[in-house]
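Novice: Numbering of the sequence shown is given in my numbering, commencing with residue 178 and proceeding in unit increments.
For the record, the hints were derived by calculation from the structure and aren't laboratory data. Just so you know, not all the hints are guaranteed correct.
What follows is a list of derived Cβ distance ranges for each label pair [said to hold, decoys possible]:
no.: 1; residue 1: Arg-189; residue 2: Gly-336; range: 17 to 27 Å
no.: 2; residue 1: Asp-388; residue 2: Gly-319; range: 19 to 29 Å
no.: 3; residue 1: Glu-322; residue 2: Arg-244; range: 23 to 33 Å
no.: 4; residue 1: Thr-227; residue 2: Asp-401; range: 25 to 35 Å
no.: 5; residue 1: Asp-401; residue 2: Ile-213; range: 42 to 52 Å
no.: 6; residue 1: Pro-216; residue 2: Arg-264; range: 17 to 27 Å
Values in this document were obtained by computation on a predicted structure and should not be read as measured data. Note that beta-carbon positions come from the ideal geometry of N, C-alpha and C, so glycine has one too.
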Amino acid sequence: MAAFRGGLSVERKADGSPVTEADRAVERELRSRLAIARPEDAVTGEEYGTEGGGGRRWYIDPVDGTRNFVRGIPVFATLIALEVAGRIEVGVVSAPALGARWWASRGGGAHASGRRVRVSQVASLDQAQLAYDSVPGFAVRGLEERFLALARRCARSRGFGDFWSHVLVAEGCVEVAVEPEVSPWDLAPLIVIVEEAGGRFTDLEGRPRIDGGSAVASNGILHDAVLEALRQPC
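Just need the whole structure built from these sequences, with the hints factored in.
Specialist: Structural data, given as structure tokens:
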């Protein structure tokens, strides 16, 4: 938090996305702690790649929402998840500027700052709220018109973006979150949080995985309708 709104030096990665020393420092610290506590486990992080192998893997996104972070927008978080034998078992999202934390474990439910959370029971798109990251990402995948058509069918759509869209699904505040371009470390804790809240989490092809390059989170009831809408020609 000391670096937030603190005159950051911002660099650009090869893909044009921003990175700060805060991103790197947080990941280094988490890797250091895991090396002491779980030396046999593998680690995959956004800034320093993958180390180790085996059946247990930690995913780290040190600052999810770096673009918000560097612009002084308080919607950013540290994401951590544990994968065991190919399945995410534990996930934590910590958003210090929002004073909020979400976590879940398989069979243990999903929680937000100490309270149990559940998805909504809204059963029609015309009553649903839709959260997304940014429209240009859909254009890159050739889905801009389909996404806009889906948004017009929903009661409301808002560009919350990043982790926040998905934890809002878990809390029952919105019904659907869609991201067209994401990496495994962006999604690892979110899949277990949404699923333990009673929702459904897949990529745009409907596969329950974090390495498909896209994400759809929903209350479960509307999931198939959303996937179908994004596949239909306009």
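Novice: Now, for every hint given, state plainly whether the structure supports it.
Specialist: Taking the hints in turn, this is what the structure says about them:
| no. | hint | verdict |
| --- | --- | --- |
| 1 | Arg-189 <-> Gly-336: 17 to 27 Å | 22 Å, holds |
| 2 | Asp-388 <-> Gly-319: 19 to 29 Å | 21 Å, holds |
| 3 | Glu-322 <-> Arg-244: 23 to 33 Å | 25 Å, holds |
| 4 | Thr-227 <-> Asp-401: 25 to 35 Å | 34 Å, holds |
| 5 | Asp-401 <-> Ile-213: 42 to 52 Å | 45 Å, holds |
| 6 | Pro-216 <-> Arg-264: 17 to 27 Å | 22 Å, holds |
Violated hints are absent here; each numbered hint is respected by the structure.
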